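Novice: Sequence:
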Amino acid sequence: MSPAGSYFFTKIRQSQHLLELIVASNVLAMVLALAEARSWQAVESIRVFQYMLFINWIILSFSAFVDYFQEFFAKFSQKMALILGFIFLQLIVLLTTCVINIIQYWGSSTNNFSEDILFQGVSLHLGYGILLGAFCLRYLYMREQWMNQQYSELNARIQAMQARIHPHFLFNSLNSVVSLISIDPDKAENMLINLSRLFRASFQELKLVSLAEEIDLCQQYLSIEKLRLGERLKVEWNIQATSLELKRVTIPLLTLQPLLENSIFHGVEKVLQPSTISVLVEILQNQVSIVITNPYSHDTIKSRQGNGIAIENVKQRLKAYYGQTVKFQVYGGVSLYTTVVSYHYRVK
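Just so we're aligned, residue -1 is where the sequence shown starts under the numbering used here, counting upward by one.
To be clear, the hints were calculated from the coordinates, so they are not data collected in a lab. Watch out, some of these pointers could steer you wrong.
To be verified - Straight-line Cα separation of at most 25 Å, SDA-like style, residue types lysine to any residue; simulated pairs:
#1 K317 - R141
#2 K325 - T336
#3 K73 - A22
#4 K77 - E142
#5 K268 - V176
#6 K268 - I181
#7 K268 - Q218
#8 K245 - K185
#9 K224 - R246
#10 K205 - K245
#11 K77 - L124
#12 K205 - Y329
#13 K77 - C96
#14 K317 - V332
#15 K185 - E229
#16 K224 - N146
#17 K77 - F63
#18 K313 - T323
#19 K73 - I181
#20 K245 - A210
Note that the structure is predicted; figures quoted are calculated from it, not measured.
The task is simple: from the sequences and hints, build the whole structure.
Specialist: Structural data, given as structure tokens:
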């Protein structure tokens, strides 16, 4: 997980970051109006409004421009992209000033149109543009550096979480193989084949995978557990999505497997009778909902609390990618334990 491209040119269309720019621009408009008036008493509200209207128009136009030409800016280094952005900002200032002069001329003047009228105030406005560009681009550059640092720290935390999940899974899986070697060597061999496939995936670089891939990994894991538990384990899948949707929607690698492992270890294994784990996967209006239900005994509630680290790791991994859109809830009923995960999906 890494920040792709420049913060400014990849994030500017998002409302939060655009709001930051507008607030900073309006502060600059107030400063310019105050500098022109030289005192608070002499500041004219109409002049402040003119500055705010002019600067906000420049910022919004520039934002739309760089958003539309994102692929063009992505071809350059960060430094060159910022320089080009600064140049385009000045061109927008120049064009806006000329258009305003033309409108003012046709609205109030009967004199012959000339270059002096067309470029009236251009030098002053370009000076404002340089100040605005230096102010905003410097702010955005510093913000990007901060975001890069946050991404680095986030990667370190996620890798640590993944490392804590692997040993637990390895220990349980190898125990399953050992328990079958003397009883049914063929089943043990099949289990090792599936286990090798799982670990080939689990030791890959941490990344987002399609929901279809994650479900396939979970089914490989469950095939291992079915060989070990036999008729005691039954899994019902209810997938309310098309195969195309499952391939387009993303999820962090090995997110569902620890939840299913938790359902087996703290649910099925503690109930000495045939048990069913139900898995519902639903994709609706850019929202992914996953519901896992398994039987459990009230006597295992305390042991469940000891597995809170694994669940917390999964929750943090999801939030690292999808932020506050993630909803992670657990419910304990009379004999069923339900885990609900939902988030706004990204297209792979």
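Novice: Hint check: K224 vs R246, CA-CA at most 25 Å. Holds or violated?
Specialist: Answer violated: K224 to R246 is near 29 Å, above 25 Å.
Novice: Taking only the CA atoms, is the gap from K268 to Q218 under or equal to 25 Å?
Specialist: holds, 22 Å
Novice: Is the straight-line distance between the alpha-carbon of K313 and that of T323 25 Å or less?
Specialist: holds, 12 Å
Novice: Holds or violated: K205 with Y329, Cα cutoff 25 Å?
Specialist: violated, 29 Å
Novice: Can you confirm whether the C-alpha distance between K268 and V176 stays at or below 25 Å?
Specialist: holds, 20 Å
Novice: Could you grab the alpha-carbon distance between K185 and E229 and see if it respects the 25 Å cut-off?
Specialist: holds, 14 Å
Novice: For the pair supplied as a hint, K77 and C96, confirm whether the alpha-carbon distance does not exceed 25 Å.
Specialist: violated, 29 Å
Novice: Is the straight-line distance between the alpha-carbon of K77 and that of L124 25 Å or less?
Specialist: holds, 22 Å
Novice: Hint check: K245 vs A210, CA-CA at most 25 Å. Holds or violated?
Specialist: holds, 5 Å
Novice: K205 and K245: Cα distance at most 25 Å?
Specialist: Since the Cα atoms of K205 and K245 sit roughly 15 Å apart, the hinted pair holds (cutoff 25 Å).
Novice: So if I understand the rule, the pair passes when the alpha-carbon distance is 25 Å or less; does K73 with I181 pass?
Specialist: violated, 60 Å
Novice: Run the distance test for K317 versus R141: straight-line Cα separation, threshold 25 Å.
Specialist: Measuring from Cα to Cα gives roughly 21 Å; hence the hint holds.
Hint compliance for this structure: hints 3, 8, 9, 12, 13, 14, 16 and 19 are broken, all remaining hints hold.
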